[in-house]
Structure formats: C-alpha cells, structure tokens
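Sequence lines, in order, name chains A and B. Numbers 0 to 178, taken from numbering that gives the first Met the number 0, label the letters of the first sequence in order. Numbers 0 to 178, taken from numbering that gives the first Met the number 0, label the letters of the second sequence in order.
Because the hints were derived from the structure by calculation, they are not lab data. Model, not experiment: these values are computed from the prediction. Careful: at least some of the hints might be erroneous.
Unchecked claim - Listed next, the in silico DSS-like pairs over lysine-lysine satisfying Cα-Cα at most 25 Å (straight line): (1) A:LYS55 - B:LYS174; (2) A:LYS6 - A:LYS20; (3) B:LYS77 - A:LYS20; (4) A:LYS154 - B:LYS20; (5) B:LYS126 - A:LYS77; (6) B:LYS1 - A:LYS135; (7) B:LYS55 - B:LYS4; (8) B:LYS176 - B:LYS99; (9) B:LYS1 - A:LYS154; (10) A:LYS52 - A:LYS154; (11) B:LYS40 - B:LYS55; (12) A:LYS135 - B:LYS4; (13) B:LYS40 - B:LYS20; (14) B:LYS1 - A:LYS55; (15) B:LYS4 - A:LYS154; (16) A:LYS40 - A:LYS99; (17) A:LYS126 - A:LYS78; (18) B:LYS20 - A:LYS40; (19) A:LYS52 - A:LYS6; (20) A:LYS126 - A:LYS55.
In case you want the letters, here they are:
2 protein chains.
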Amino acid sequence: MKNLKEKVLSTDLIFGGRFLKIWRDEVELPNGFKSFREYIKHPGAAMVIPETKDGKFIMIHQYRHSVGQVFLEFPAGKKDKGETTEQTAARELQEEVGFKPGYLQLLTHIHPVIGYSNEQIDLYYAKDLEAAPAMKDPDEVLEIFEFTLDEILEKLWNHQITDVKTQIGIFWLQKLKGR
Amino acid sequence: MKNLKEKVLSTDLIFGGRFLKIWRDEVELPNGFKSFREYIKHPGAAMVIPETKDGKFIMIHQYRHSVGQVFLEFPAGKKDKGETTEQTAARELQEEVGFKPGYLQLLTHIHPVIGYSNEQIDLYYAKDLEAAPAMKDPDEVLEIFEFTLDEILEKLWNHQITDVKTQIGIFWLQKLKGR
Numbered sequence: 000m001k002n003l004k005e006k007v008l009s010t011d012l013i014f015g016g017r018f019l020k021i022w023r024d025e026v027e028l029p030n031g032f033k034s035f036r037e038y039i040k041h042p043g044a045a046m047v048i049p050e051t052k053d054g055k056f057i058m059i060h061q062y063r064h065s066v067g068q069v070f071l072e073f074p075a076g077k078k079d080k081g082e083t084t085e086q087t088a089a090r091e092l093q094e095e096v097g098f099k100p101g102y103l104q105l106l107t108h109i110h111p112v113i114g115y116s117n118e119q120i121d122l123y124y125a126k127d128l129e130a131a132p133a134m135k136d137p138d139e140v141l142e143i144f145e146f147t148l149d150e151i152l153e154k155l156w157n158h159q160i161t162d163v164k165t166q167i168g169i170f171w172l173q174k175l176k177g178r
Numbered sequence: 000m001k002n003l004k005e006k007v008l009s010t011d012l013i014f015g016g017r018f019l020k021i022w023r024d025e026v027e028l029p030n031g032f033k034s035f036r037e038y039i040k041h042p043g044a045a046m047v048i049p050e051t052k053d054g055k056f057i058m059i060h061q062y063r064h065s066v067g068q069v070f071l072e073f074p075a076g077k078k079d080k081g082e083t084t085e086q087t088a089a090r091e092l093q094e095e096v097g098f099k100p101g102y103l104q105l106l107t108h109i110h111p112v113i114g115y116s117n118e119q120i121d122l123y124y125a126k127d128l129e130a131a132p133a134m135k136d137p138d139e140v141l142e143i144f145e146f147t148l149d150e151i152l153e154k155l156w157n158h159q160i161t162d163v164k165t166q167i168g169i170f171w172l173q174k175l176k177g178r
C-alpha cells in the first residue's frame with residue numbers, strides 16, 4: 000500500500016457547541032502539499048436490531064431536524080462516558096423501546112462521515128427480549144413499529160430507508176438470517 | 000403516522016469554518032418540550048461505482064484524517080454550486096480516476112448523518128468509460144484499484160469496507176447485477 004498518511008502540523012479546537020465540537024488540523028500530505036482538515040470529534044455510537052419472540056424486528060419513526068423529515072430507524076444512540084458500545088446498545092434498547100436484551104451480538108462497525116467526523120457506529124443484533132421500563136429522553140419523540148424482514152426489505156428497495164446505519168444493519172441481518 | 004415534526008422557534012449560524020458551517024435551531028417538540036438542535040448544512044454529494052470494460056469495479060484508497068485511517072471507497076465528492084449530482088458524479092469520476100462515463104444510472108440516495116447534518120449522497124453506477132485526463136485536487140492523494148464484485152464482497156463481509164456510502168453502493172450493485 001502506498002503511503003497516504005498525513006502528518007499533523009497543528010491541531011486546534013475551533014468551535015465548542017453544546018453538542019458539536021470542531022477541530023481544525025493543519026496537515027502535510029505525502030506529496031508535500033499543506034492543507035487544513037476540519038472535523039467533529041464524536042464519542043462513538045451503537046445501533047441495535049431487536050428481534051421479537053415472534054420473529055419481527057422493532058423499528059422506530061423519529062423526526063430528524065437536521066434533514067427535516069421523519070426516518071425509519073433501528074434504536075441507536077451515542078456512547079455515554081465510560082460505556083462500551085454493547086452497554087450503549089442495551090441502554091438505548093431499553094430507553095427507546097422498553098426491552099432488555101437476553102442475547103446481544105456485534106454484527107459489524109461502520110464509519111458514516113469519514114469526510115468530517117471520526118464517528119464510528121457499532122451495529123448489534125438482539126433477541127430474547129424482556130420488557131423493561133422505557134425511559135425516553137424528553138427531547139426524543141418516537142413511534143414504534145414491528146415488521147417482518149420481508150416488509151423491511153420491501154421498504155429498503157423502495158428507497159424508504161435512507162438512514163445509512165439502518166440500511167446497513169438490514170443487509171447484515173439478511174446475511175445473519177441466511178437470506 | 001403520528002405527528003413527530005418539530006417547530007422551529009429560532010435559527011442561527013453559530014459557526015462558520017472554512018469547510019464546516021454549523022446552525023443552532025431552538026425547536027418545540029410535539030410534546031411541548033423545547034430543545035436545541037445543532038447541525039451542519041451540507042451541499043449534498045455524489046458517489047459513483049465505475050465498471051470497466053472487463054467487468055471490474057474501480058475503487059480508491061484515500062487517507063481520511065478525521066478517522067486517521069485509509070479507507071477503500073468508490074469515487075465521490077461534494078456538489079459544486081449549480082451542479083446536479085449526476086454532473087458531480089461524472090466530474091468526480093474524471094477528477095479522481097480519469098474516466099468519463101458513457102452511461103450513468105442513479106441507484107438510490109442515502110442520508111449518512113441524520114443526527115447532525117442534512118447531507119444527502121446520491122449513488123450512481125457508471126459504465127462505457129472513456130479515458131479523460133484526471134485532475135485531482137492538490138489536497139487529494141489517492142491509490143486506484145480494480146476489483147471483481149466477488150473480491151469486493153469478500154472485503155465487505157470481512158469488515159474491511161466500513162465507509163457507509165461505499166458499503167451501501169456495493170449492496171445496490173449486487174442487486175443491479177442480479178446477485
């Protein structure tokens with residue numbers, strides 16, 4: 000593999016918002032060219048695909064203000080301090096849809112925003128769900144659904160599931176189920 | 000569908016970097032709760048899966064400073080002002096790997112960062128490639144490869160393709176090829 004790595008000449012926190020923090024690094028490329036890279040430092044996140052006892056999958060509708068539309072998603076959220084993504088997946092499953100997982104399996108990890116964020120999302124599959132009190136954040140309003148894998152795949156190929164973590168989760172679920 | 004839409008109470012540009020611009024909106028949720036949403040406004044982007052005359056697919060290695068690692072990707076980039084994403088796809092194909100597409104087909108569109116950006120990426124498939132001078136940006140250093148679909152799928156299932164636009168493009172390519 001060619002050497003593609005960039006050397007960091009300086010790094011600065013240039014914006015600290017309530018939620019978003021932006022760094023700007025000056026870098027030197029392997030070709031000697033100097034440039035600036037601006038990016039968000041993100042704590043990492045987890046998503047979970049919960050399977051019910053009758054073989055359906057729990058999804059949520061959530062309004063996403065950045066895009067201005069409602070998305071069909073699997074439960075997900077950012078890591079809290081000190082958490083593993085397995086703990087995040089279990090916590091978000093309980094907070095958003097009210098279940099504890101009896102079984103939790105890591106499917107893969109993804110990088111959604113390589114142009115301007117270090118965010119990594121770990122994708123989990125969960126089954127053997129036990130009811131547990133949901134504890135939604137007050138700024139999260141959700142609608143909960145259960146669908147079969149066929150119903151989900153139909154929505155995906157009809158371009159109705161454009162959230163990347165959810166779409167990739169479905170492909171890995173399909174593989175897991177030998178479909 | 001439940002009403003999940005949030006009402007915008009105020010909107011402010013709170014950070015204008017060289018590349019990233021952040022808005023903060025105060026919103027009122029359907030449950031009456033007020034909150035703030037911080038997000039990046041993005042011009043939109045296009046990715047293109049180029050098929051060579053002998054049925055291989057062109058991919059690139061690119062170092063992504065935000066994550067600090069080299070990614071295997073399909074050619075992609077942000078829309079320039081006034082461009083359609085079809086024009087962006089054709090331009091990036093020429094700039095990054097040195098081909099003009101004789102045929103370009105939209106596969107789907109995705110939203111990679113619904114938590115904090117309005118970014119949309121349109122995914123294209125290209126064939127009937129004609130050589131054209133590559134004109135890389137001076138701050139892009141790339142390594143170019145050609146792989147069969149089987150080679151690409153092996154890398155995907157081995158967790159070696161974690162860039163979301165690339166991974167989703169592969170699944171849609173697999174569908175297009177009836178695999």
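Hints, verified against the model:
Distance check on the hinted pair: A:LYS55 and B:LYS174 sit about 24 Å apart at the alpha-carbon level, within 25 Å; holds. Only pairs whose Cα atoms come within 25 Å are accepted, and A:LYS6 paired with A:LYS20 is accepted, the gap being roughly 22 Å. The hinted pair formed by B:LYS77 and A:LYS20 meets the criterion: a straight-line CA distance of about 22 Å does not exceed 25 Å. Distance check on the hinted pair: A:LYS154 and B:LYS20 sit about 33 Å apart at the alpha-carbon level, beyond 25 Å; violated.
With a C-alpha separation of about 39 Å, the suggested pair B:LYS126 and A:LYS77 falls outside the 25 Å cut-off, and the hint is violated. Taken as a hint, the B:LYS1 and A:LYS135 pair is honoured in the structure, with Cα atoms around 17 Å apart against an allowance of 25 Å. With a CA separation close to 44 Å, the supplied pair B:LYS55 and B:LYS4 exceeds the 25 Å bound. Taking the CA atoms of B:LYS176 and B:LYS99, the gap is near 22 Å; set against the 25 Å cutoff, the hint holds.
With a CA separation close to 19 Å, the supplied pair B:LYS1 and A:LYS154 stays within the 25 Å bound. With a C-alpha separation of about 22 Å, the suggested pairing of A:LYS52 with A:LYS154 holds against the 25 Å cut-off. Proximity of B:LYS40 to B:LYS55 is assessed by CA-CA distance (about 35 Å); at most 25 Å being required, the pair is judged violated. For the suggested pair A:LYS135 and B:LYS4, the alpha carbons sit about 17 Å apart, so the restraint of at most 25 Å is met.
Distance check on the hinted pair: B:LYS40 and B:LYS20 sit about 6 Å apart at the alpha-carbon level, within 25 Å; holds. Between B:LYS1 and A:LYS55, the direct Cα distance comes to roughly 21 Å. Compliance with the 25 Å bound is thereby established for this hinted pair. Among the hinted pairs, B:LYS4 with A:LYS154 is consistent with the structure: their alpha-carbon atoms are about 21 Å apart, no more than 25 Å. The hinted pair formed by A:LYS40 and A:LYS99 fails the criterion: a straight-line CA distance of about 29 Å is larger than 25 Å.
Pair hint A:LYS126 plus A:LYS78 holds up; C-alpha atoms about 21 Å apart against a cutoff of 25 Å. This hinted pair checks out: B:LYS20 and A:LYS40 have alpha carbons roughly 15 Å apart, not beyond 25 Å. Restraint check: the Cα-Cα separation between A:LYS52 and A:LYS6 comes to about 51 Å, which exceeds 25 Å; the hinted pair is violated. Restraint check for A:LYS126 and A:LYS55: the C-alpha separation of about 10 Å stays at or below 25 Å, so the hint holds.
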